[in-house]
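A.B. asks: Sequence:
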Amino acid sequence: MSSSIALHDKTLSELAQGLSVGEYTSRELTEAFLARIERLDGELNSYITVCREEALRDADAADARRAAGKAAPLTGVPMAIKDIFCTEGVRTSCGSKMLDNFISPYDATVIEKLRAEGVVMLGKTNLDEFAMGSSNENSYYGAVKNPWDLTAVPGGSSGGSAAAVAAGLAPAALGTDTGGSIRQPAAFCGITGLKPTYGRVSRYGMIAYASSLDQGGPMARSAEDCARLMNVIAGADPRDSTSVVRSVPNYIEGLNYNLKGLKIGLPKEYFGEGLSAEVESSVRAAIKVFEDAGASVQEISLPHTHLAIPTYYVIAPAEASSNLSRYDGVRFGHRCADPKDLEDLYKRTREEGFGDEVKRRILIGTHTLSEGFFDAYYIKAQKVRRLIRQDFLDAFDQVDVLMGPAAPTPAFDLGAHKDPLSMYLQDLYTIAINLAGIPGISVPAGLAGRRPVGLQILGPHFGEQTLLGVAHQFQQLTDWHRQRPEFGQEHA
Numbered sequence: 380m381s382s383s384i385a386l387h388d389k390t391l392s393e394l395a396q397g398l399s400v401g402e403y404t405s406r407e408l409t410e411a412f413l414a415r416i417e418r419l420d421g422e423l424n425s426y427i428t429v430c431r432e433e434a435l436r437d438a439d440a441a442d443a444r445r446a447a448g449k450a451a452p453l454t455g456v457p458m459a460i461k462d463i464f465c466t467e468g469v470r471t472s473c474g475s476k477m478l479d480n481f482i483s484p485y486d487a488t489v490i491e492k493l494r495a496e497g498v499v500m501l502g503k504t505n506l507d508e509f510a511m512g513s514s515n516e517n518s519y520y521g522a523v524k525n526p527w528d529l530t531a532v533p534g535g536s537s538g539g540s541a542a543a544v545a546a547g548l549a550p551a552a553l554g555t556d557t558g559g560s561i562r563q564p565a566a567f568c569g570i571t572g573l574k575p576t577y578g579r580v581s582r583y584g585m586i587a588y589a590s591s592l593d594q595g596g597p598m599a600r601s602a603e604d605c606a607r608l609m610n611v612i613a614g615a616d617p618r619d620s621t622s623v624v625r626s627v628p629n630y631i632e633g634l635n636y637n638l639k640g641l642k643i644g645l646p647k648e649y650f651g652e653g654l655s656a657e658v659e660s661s662v663r664a665a666i667k668v669f670e671d672a673g674a675s676v677q678e679i680s681l682p683h684t685h686l687a688i689p690t691y692y693v694i695a696p697a698e699a700s701s702n703l704s705r706y707d708g709v710r711f712g713h714r715c716a717d718p719k720d721l722e723d724l725y726k727r728t729r730e731e732g733f734g735d736e737v738k739r740r741i742l743i744g745t746h747t748l749s750e751g752f753f754d755a756y757y758i759k760a761q762k763v764r765r766l767i768r769q770d771f772l773d774a775f776d777q778v779d780v781l782m783g784p785a786a787p788t789p790a791f792d793l794g795a796h797k798d799p800l801s802m803y804l805q806d807l808y809t810i811a812i813n814l815a816g817i818p819g820i821s822v823p824a825g826l827a828g829r830r831p832v833g834l835q836i837l838g839p840h841f842g843e844q845t846l847l848g849v850a851h852q853f854q855q856l857t858d859w860h861r862q863r864p865e866f867g868q869e870h871a
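Note that the sequence shown covers residues 380 to 871 in the working numbering.
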C-alpha cells in the first residue's frame, strides 16, 4: 500500500484514481479508515454506528468487481452516511432514543444507488436528533466535537458527517439539509457541502423532519468530489412523489467552468448586522478571487430575508409535528414499560423517547396547526415563503450566482448557546434557501484563528452544475480546501 501521501488526506477523487490504477485495494483502503476511526473517534464522537464487518465484506466485493472489469467510477471507495438514511440491516437512529433499537428493513434510494455503484459504507454518523439543531449537541448519543478545535461545535444537524470528513475518518459523507444542515457544518469544519435543488435527490428512505424542506446531499473535501457523488445520487425516483422528473447532467463535465464574465450578486442583507468581521473579511477576500479571474460583482437585495427565520420556524415545526406523530410506541421504535392504557403508552413513550429540542418543535408545530392559529400562522408563513422564493427568482434575472457567508460566525464553543432563539439565529444565511428550494454550496474560504470560514454560493433551481463548476474553479485558485486540522495528524 502506498504511503507517500496519507490515505486519509486524499480526496474522494484521488482515492478513486488510486483504486483504478491498483495503488491499493478497496480492502486496504477500508481497513485504513476503519483503523483511524477506532483510534480517533472516541474523542470526536462523529459516528453512532461503525459497520466494520459489512464494510470489509463490501470492500472485498468491490475488489472482485474491479478484478472482473466491471467497476464503476466510485467502486470500492468508502464513505460515511448520516444516520437519518435507512440502511437495510443496520440501525438507523436519527440520533434519537426513540429509534435507538430500529433496524431498517430496507435501503433509502440514495443508499441503493451508492451500493449499485460499489461504494463501501463505513458507518452511520452522528446528528442532532431528527436533524433538529445547528450544533450537533442535541443527539441522544452525545455532542460531536469539531476536529479543528475540540472546544467548538461542528455545526448541525449533519455535524457528524462534517467532522468525520474533516478529521479524515471518511473521505466523504451523505448529509441532509432542512435549513442549512449541510452547508453550515461544512463551513464550520472546513469542507465542501452541497444542498441540491429540492426534488433533485430522492428523499425515499430519508427519515423526514420537514418534508417540504428536507434534501439530501454530498459532503466531501472538494467540489469535484461532490460532483462525483451527485452523478450517483441525483435523479427522479417513482417512490418519492416530490422528486423531479428531469434529466441529470454529468456534473464532472461542468467543472471546467469559465469564470470570465460570471455575474455575481452580493445580497446586501447578508453583509449587515450580526456578521462577524473575521467571517466578512474571509468572504470578501474569496469574492476578490473571482473578480481577479474575470467575474463581475454587484450588490443586490433579497428584501424578505428578515422574515426567513420566523417563516421557517412556523413551517418546519408544523411539518415535524405531523411527521413525528408516527412515533407512538405501537409500530416501531422505543416503547415505554408497562403502560396502563393506550393514552399512557403514547404519553410516556414520547416523553421518554424524544429530547428537549424535538419536543419543543413538536409543541410549536402542533400549536401553529391547531384551530384558530392555522390561518394566522401556517397559511401566512406559506404566503411569506412565496415572497422569499420570488426574491431569489428576481435576483437570478440579474446575476448568475449569489455569494455570501454560510454562517454569521465561525464555529462557536460547545454550550455557547443556551437559549433556543440565539441558536436559531445561527441559520440566518441558510434557511431562506430551503424555503425557496434552490441549491447552495459551502466551500472553505479562510480561517478565523484555527476555526474555518465557509463561502456560500447560491444558484437558480437545478443550477447545481454551475455551482459545482464555480466552486471547483475557486478551489483551483485557492488551497483552503486542502487545509487540514491538526487533530489526528500524529496518526498519519
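One should not assume that every hint holds.
[Said to hold, decoys possible] Below, computed lysine to aspartate or glutamate pairings styled on EDC-like, alpha-carbon distance capped at 20 Å: (1) 449 to 496; (2) 647 to 659; (3) 726 to 479; (4) 449 to 491; (5) 667 to 678; (6) 492 to 433.
Hints listed in this document are in silico derivations from the structure and should not be mistaken for laboratory results.
A.B. asks: All hints are to be evaluated individually against the structure, with a verdict given for each.
C.D. replies: Results for each hint:
| no. | hint | verdict |
| --- | --- | --- |
| 1 | 449 to 496 | holds (10 Å) |
| 2 | 647 to 659 | holds (12 Å) |
| 3 | 726 to 479 | holds (18 Å) |
| 4 | 449 to 491 | holds (18 Å) |
| 5 | 667 to 678 | holds (14 Å) |
| 6 | 492 to 433 | holds (17 Å) |
The earlier numbered hints are all upheld by this structure, with none contradicted.
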